[in-house]
Structure formats: C-alpha cells, structure tokens
Amino acid sequence: MTEQAMPPVPSGPVTRVGSRQKKDGSLAKAEDETDWAALLVKVRDHQDKAAFAALFRHFAPRVKAFLMKSGAGAALAEECAQDVMATLWQKSHLFDPTRASVATWVYTIARNRRIDALRKSRRAEPEELDWGPEPEPDMAEVLEAQQETERLGRALAALPAPQRTLIERAFYGDLSHSEIAAETGLPLGTIKSRIRLALDKLRHQMG
Amino acid sequence: MTIRHHLSDQLLMGYAAGQLPEAFNLVVATHVSLCDECRARLGAFDAVGGTLLEEADEIAMGEDALSRTLARIEGLPQATRTDPLRPAGIFPAPLADYIGGDLSAVRWRKVGGGVKQAILPTGKDASARLLFIPAGKAVPDHGHRGMELTLVLQGAFADDNDRFARGDIEIADEDLEHTPVALAGQDCICLAATDAPLRFRGLLPRLAQPLLRI
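So the protein lines, in turn, are chains G and D. In terms of the working numbering, the first sequence opens at residue -14 and continues consecutively. In terms of the working numbering, the second sequence opens at residue 9 and continues consecutively.
No lab work stands behind these hints: they were computed from the structure. Cβ coordinates follow ideal geometry from the N, Cα and C atoms, glycine included. Treat the hints with care, since some could be wrong.
Reference excerpt, derived from the structure (chain D facing chain G, CB under 7 Å, subset only) [to be verified]:
no.: 1; residue: Glu30
no.: 2; residue: Leu34
no.: 3; residue: Ala48
no.: 4; residue: Ile67
no.: 5; residue: Thr77
no.: 6; residue: Arg80
no.: 7; residue: Ile179
no.: 8; residue: His186
Residues from chain G shown here face chain D by an in silico Cβ test under 8 Å; the list is partial [claimed, not checked]:
no.: 9; residue: Ala88
no.: 10; residue: Val91
no.: 11; residue: Ile94
no.: 12; residue: Ala109
no.: 13; residue: Gly138
no.: 14; residue: Leu160
no.: 15; residue: Leu171
Listed next, the stretches of chain G that the computed footprint assigns to chain D, with coverage defined by at least 3 CB atoms under 8 Å from CB atoms of chain D [said to hold, decoys possible]:
no.: 16; region: 36 to 45
no.: 17; region: 54 to 68
no.: 18; region: 96 to 107
no.: 19; region: 148 to 155
no.: 20; region: 164 to 170
no.: 21; region: 178 to 190
The following block holds chain G by itself, in its conformation from the complex:
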C-alpha cells in the first residue's frame, strides 16, 4: 500500500489516525484511517467535490486493479473504474453506512460493472429498501460497519494460503459458481448479525 497524503477535508472530525498491531506481531506503519463514510455522506448531502476527490484517489486505483485482475484490459479497466466512481456519486443517496463500509459499497458497484462489461448479460439486483438509509445514522453503528473491512482484512491475512487463494479466485471471477466453496473460514456470522440488527431497527422505525 502506498503512502497516502491526508485528503483535503473541508470541515469536521472525519479522520482517525493511529497505528495498529498486525496479527503476526509486527507493528503496521502508522496509517491514515480515513473515515470514508463521512466523506461519502458529504458527497451525498453537499455534492462535495473535495470529498469525492479523496474517495477517488483511494478507491479508483483499487477498482482498476480489481477489474484488471478479473481479466479486463487496461483501457477498459480505466474506463470502467471511472464509471464505478461516477456511479458512487450518483447513487450516494442509497448508501447506508450502518449496513456496509464504503469499500464494500464500492466493491458491489465494481462487481456489477464487471458483469455488465465482461458478460454483457442482464443482471438482477435485489429490490431497494423503500425506507432507505437514515438521514442521521447512529455514529457508533457507522464506525462498527466501517471497521469491519479492516477486521476482515486481518482475518483474511491469517487464513492458510490455500484457503485465502480460493476466496480471491472466487471474487476475481476465476471460479464457476459450482466450484465456489462457501466455507470461507472468515467470521462472517458476526457481520451478518450486525447487518440483520440494522435492518430490524430500520424496519421497526418505519413502523
């Protein structure tokens, strides 16, 4: 991962800075742990271009790499990565920071774009929830959702190499659906429970 400059943040406490202990005991370098969700909310509520630029610098090169690993050529991957980031802006009103991290949200957009570009088939998506995200979500829940990417990253790094490789191959489109082994060895149950609680809470609030 490259050293990253602090993105320009117009206002508000949206960055957390700290170091973290890696699973193998080595101390990871101090790294900006930017609050991507807060930036995306600024895009959503204020069409904030500086916030979008920070999101773009972080995620667009990762989306491009993801698409190229999935078999797209450099030109197509560049084009699609721009599309993905444009969609991130356009659909920001659907982003619910209590249910998914920004990385997960970007991933689903990139995955969908990959299907459209490489398979050229139609692609059904689940119905949007008609109550949508809350305008003022609980910050503790948002933080929890954002931290889950990081925790999963550590769990993934701790897996035996063959198991990790299988998961990567599945998500980079290298396995057919019948070859995919769903037993990942990752702590997905806790994530599922948290999302389920968020859904129940939203349904309850909407009565």
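Model the placement of chain D on the given structure of chain G, informed by the hints.
For chain D alone, kept in the frame of chain G given last:
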C-alpha cells in the same frame, strides 16, 4: 411472512462474487428482496469483496481521470433520495423487471394438467421460468438435472418432507426425487431456475418442449 427455506451460502457467495448464471442471479435477487435474513447474509459476503478491494494492489489511473469522471457526473441525471416504487403485485422488483409487469403481463404456455409455464429470457448457461400449478394439483413428474432452484411467489407446495410458501426457496440437485403438490386454497406460482443443459435444439424449441423439462 415467515420464510423458512433460505438460500445456501454457496449461492450467496456466488452472487456476491458476481459468478452466478443470469437465471440464478435473478432467483437470488428475487429471494433477497423478500428476505432480510438472506439480505444480511449477502451483506456479509459482499464485505469479503470489499475487504479484497481494500487490500488490493493499486493501478494508477490516467492523469486526467478525476476531471473526466467529474465531467461524466455533470452529464448524469441528478439522482435524489426518493422512495423506489415497490411493485404492488406478487413479483418483487427484479422479477417484475424481467417480466415487464406483474401477473397480467406473463405470457403463459400450457404444459398439460392445468399447469402453465413462461420461460424468461436469460443467458444460456442456466434457464429460468415461471410455473403455475393449480391448487391441489401435483407438479408434473420432473427429474432434476444439475441444480434446480424453486422460489414460491404465491400459494404453497409440499412434498413428503416439507412445505414451501411465499418467499421459501427449494434447492434441489440430481439426488432429489419427489412429487410436490400445490396446496389447496390458492394456485401456486413459482420462479424456477436450473443450470441443467437445455434439452431442446432446433426449430420451435419452446413448443416442442415436453412438459416441464426445459
């Protein structure tokens, strides 16, 4: 509505990874539209993709990529926070999109015994169809080849072991042999998909197709 029969982890992970045949994708999206439990499970598998993206290498974007993307955004219609239209009928949005409307838009073809089906246009790696089974009638004898998913949208069916009502999904493989019967009271409508090879070839394939074997 209490859904008792859910998607498998394999299908959810296949959906999250973007690797399902189009017909299975449709069944998963339709079930998830009805089932918060599977929506949450899918969210967990999506998070694995998010993690892989976050941990992925970076490949530099072109120099003017950001300004080009912003220009692209300027050209997009401004999306606003509006409540999406939820279809009023029995088909959740992803399925209604495929059919082009609700029940009245389905172009049924009779397959005998009061049973009707409508094949949906999907990619060839798997096929999807709607099934209409009159209340109290048996689903015509059908062996499963490959994997077959059956999602109940209206009414219910039962076999010796279990009962499937709206939102429930049955996942069958080649080993399953059963004779499901639509329960009395309401005609049963299901969305079914299979990745078994299509049997028909050549002219008039849909008309020539015997009973339910597609």
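Evaluated hints:
1. Glu30: Because about 5 Å separates glutamate 30 (chain D) from the closest Cβ in chain G, which is inside the 7 Å limit, the hint holds.
2. Leu34: With a minimum Cβ separation of about 4 Å from chain G (threshold 7 Å), the hint on leucine 34 (chain D) holds.
3. Ala48: holds, 4 Å
4. Ile67: holds, 4 Å
5. Thr77: holds, 5 Å
6. Arg80: Hint holds; arginine 80 (chain D) Cβ to chain G Cβ min 5 Å, cut 7 Å.
7. Ile179: With a closest approach of 12 Å, the isoleucine 179 (chain D) hint is violated.
8. His186: violated, 22 Å
9. Ala88: With Cβ-Cβ at 4 Å, under 8 Å, it holds.
10. Val91: holds, 6 Å
11. Ile94: At 10 Å from the nearest chain D Cβ, isoleucine 94 (chain G) fails the 8 Å test, so the hint is violated.
12. Ala109: Alanine 109 (chain G) check passes; min Cβ-Cβ to chain D is 4 Å, inside 8 Å.
13. Gly138: Cβ of glycine 138 (chain G) sits 5 Å from chain D, so the hint holds.
14. Leu160: Since the shortest Cβ distance to chain D is 7 Å, the answer is holds.
15. Leu171: Hint holds; leucine 171 (chain G) Cβ to chain D Cβ min 6 Å, cut 8 Å.
16. 36 to 45: With 6 residues in contact (Cβ-Cβ under 8 Å with chain D), the coverage given for the region 36 to 45 of chain G holds.
17. 54 to 68: Contact hint for the region 54 to 68 of chain G vs chain D: holds, 7 residues under 8 Å.
18. 96 to 107: It holds: at least three residues are needed, and the region 96 to 107 of chain G offers 7 whose Cβ sits within less than 8 Å of chain D.
19. 148 to 155: holds (count 3)
20. 164 to 170: holds (count 5)
21. 178 to 190: As far as the region 178 to 190 of chain G goes, the hint holds, because 6 residues have Cβ atoms under 8 Å from chain D.
Checked against the numbered hints given earlier, the structure breaks hints 7, 8 and 11 and satisfies all the rest.
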